[in-house]
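Sequence order for the protein chains is A and B. For the first sequence, my numbering gives the first residue as 88, with consecutive numbering after it. For the second sequence, my numbering gives the first residue as 88, with consecutive numbering after it.
The reader is advised that the hints may include incorrect statements.
Note: identical chains are not told apart, hence a pair may lie in one copy or across any two.
What the hints assert, rightly or not - Only pairs whose alpha carbons sit at most 27 Å apart, straight line, appear in this in silico BS3-like list of lysine-lysine:
| # | residue 1 | residue 2 |
| --- | --- | --- |
| 1 | 161 | 146 |
| 2 | 146 | 89 |
| 3 | 89 | 187 |
| 4 | 100 | 187 |
No wet-lab data here; the hints were simulated from the structure.
2 protein chains.
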Amino acid sequence: MKALNVEEIDFAKSGGLVPVIAQDYSTKKVLMVAFANELALKETLKTGYAHYWSRSRNKLWMKGEESGHVQRIKKVLVDCDSDTILYLVDQKGPACHTNKPTCFHNYIPLTRGKNSK
Amino acid sequence: MKALNVEEIDFAKSGGLVPVIAQDYSTKKVLMVAFANELALKETLKTGYAHYWSRSRNKLWMKGEESGHVQRIKKVLVDCDSDTILYLVDQKGPACHTNKPTCFHNYIPLTRGKNSK
Numbered sequence: 088m089k090a091l092n093v094e095e096i097d098f099a100k101s102g103g104l105v106p107v108i109a110q111d112y113s114t115k116k117v118l119m120v121a122f123a124n125e126l127a128l129k130e131t132l133k134t135g136y137a138h139y140w141s142r143s144r145n146k147l148w149m150k151g152e153e154s155g156h157v158q159r160i161k162k163v164l165v166d167c168d169s170d171t172i173l174y175l176v177d178q179k180g181p182a183c184h185t186n187k188p189t190c191f192h193n194y195i196p197l198t199r200g201k202n203s204k
Numbered sequence: 088m089k090a091l092n093v094e095e096i097d098f099a100k101s102g103g104l105v106p107v108i109a110q111d112y113s114t115k116k117v118l119m120v121a122f123a124n125e126l127a128l129k130e131t132l133k134t135g136y137a138h139y140w141s142r143s144r145n146k147l148w149m150k151g152e153e154s155g156h157v158q159r160i161k162k163v164l165v166d167c168d169s170d171t172i173l174y175l176v177d178q179k180g181p182a183c184h185t186n187k188p189t190c191f192h193n194y195i196p197l198t199r200g201k202n203s204k
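Generate coordinates for the entire structure from the input sequences, incorporating the hints supplied.
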């Protein structure tokens, strides 16, 4: 594990935003995917709560700022080419606005290959 | 869990591509993030091996096609607004081109908030 600083994150690659995965620190469930710009990442590191950048509303938001379903940050990981971020979080309440525990509650059946060798 | 078909995925939102997270089915580690278009997703479902769309090379690729570090698909999950996909996989060998088990092997230290209440 190498320690990076915010300035090393490759925001330029995708117009100032990087995708962020939020994963539950305890259950390891993938909770949601959103985007962060440099401001959102800095707010996350400073406050210890997950912040994102809303592309549709063009503004900073803290997850749970309205619902109360905040994400307390345990770790902030970065991938090998520094263009994707992984927040490991303690999720308070459901992560999804549908009140399901995770946003990934739908699936596509495999055409073939499932459970086969 | 609701079953969806490929036509229900919102590829249009981001110019034909959706972000895809690959997560290890057993360890639940997040392995990598890449992108898929409709063709890559269909190939994944059909073959049972993770396929992606390379933005830099502008071509379909199967993870591990050169390295042998393929990802056998266990499940394909979709998020609440159908614009992000989660491949649950059996990862053969390391997921990262650096030969580390996952691409998320760097971190950013928190400025504050870590482990505090």
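Numbered hints the structure breaks, given as an ascending list: Going through the list in order, the structure violates hint 2 alone and respects the others.
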